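Q: Residue numbers (the working numbering), protein chains in the order written: chain A, 43 to 223; chain B, 43 to 223.
Incorrect hints may have been included.
As the list claims (entries may be wrong) - DSS-like, lysine-lysine: derived pairs with alpha carbons at most 27 Å apart:
hint: 1; chain 1: B; residue 1: K70; chain 2: A; residue 2: K209
hint: 2; chain 1: A; residue 1: K53; chain 2: B; residue 2: K82
hint: 3; chain 1: B; residue 1: K82; chain 2: A; residue 2: K210
Worth flagging that the hints you see were computed from the coordinates, not collected in a lab. Just so it is clear, the structure is predicted and the values come from calculations on it, not from any experiment.
There are 2 protein chains.
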Amino acid sequence: MIREEAQDTHKNPVPAVDFIIANENNSKILLVRRKNDPFKGMLSIPGGFINEGETAEDAMRREAKEETSLVLEPIAILGVYSDPRRDPRMHTLSVTFITRIVQGNEDARDDAAALQWVKIEDELDGLIQSKQIGFDHPKILNDYKRWLKSSRSSVDSSSCLTFWSTKKEQTDEAMQVKATE
Amino acid sequence: MIREEAQDTHKNPVPAVDFIIANENNSKILLVRRKNDPFKGMLSIPGGFINEGETAEDAMRREAKEETSLVLEPIAILGVYSDPRRDPRMHTLSVTFITRIVQGNEDARDDAAALQWVKIEDELDGLIQSKQIGFDHPKILNDYKRWLKSSRSSVDSSSCLTFWSTKKEQTDEAMQVKATE
């Protein structure tokens, strides 16, 4: 471990959280209409940076409050996205949670110009194809659709897939490499 | 999103990777006998920091080569561990991968004094209880045991649990909150 490198500044990606907020029957997800650059005016998954001294899950709860007024709890980690090109400002690493709404009603705040419920089946693909979604969030949202499909097809309630930036789209093969082998 | 905070140094946790290396039938995992502080002489899961410009999965592959001479590929993300107290030197955030060995034979290098295959069923609990494992790796290893159990009990090959620092031990209830509801 080259632990020394971490002591020097700007040598590590900046960790952030993004969080998928779905409605009760998982037919819609809540996206943010961005007030500021980058991707000003476009849609994104809500999220923000993790501060020193707080856990990723606490950063998620704080940012959810700040951006949407909602109280969220994590259900699962969808993936970790760390492609150096995913954010035009700097190299960021996103821990992406799948969450459930515990309390509150959505209300746009902070750098969210507006919040928008998007239908996963009918609307999301169109928004992605017309390039209305910023960052690498089209990839994250496609991964979430696969996660949803996987969790719906499984008999036990603990199923999930996990994803990362360079994971191949054809993951069925990779998924065969399993603990049960 | 308080994006500005990320520009200031030392305001964010330092991202790192840890990686679970199991043998073919998942009866043993490979731990590192630490050459240097912290936890010098103790065992830990292999890992290291993520450099700016590389993905988490590339950092995993690089550190695996550097510490163990093994070529690894990620199978899944076990969890993200970001308790500010998990590393005595600084606030770190670990993306913990479950991996498979693609190539090579284990050979201790870098700051690994030695590598040690530990039997998951017979040895691991004893090492944890006698406090021979550093960082928050006892928690990570216990989570991995739960992941293994979950993946073995599932009919489809895509099952996995995901974990984070503050996730409650009694996750059965949390796991009921599912996409299928």
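Q: Taking the hints in turn, state whether each one holds.
A: Consistency of the hints with the structure:
Distance restraint check for B:K70 and A:K209: the Cα-Cα separation of roughly 26 Å lies within the 27 Å cut-off, and the hinted pair is therefore satisfied. Between A:K53 and B:K82 the alpha-carbon distance is near 25 Å, which keeps this suggested pair within the 27 Å criterion. As the CA atoms of B:K82 and A:K210 are separated by approximately 38 Å, the hinted pair breaks the 27 Å bound.
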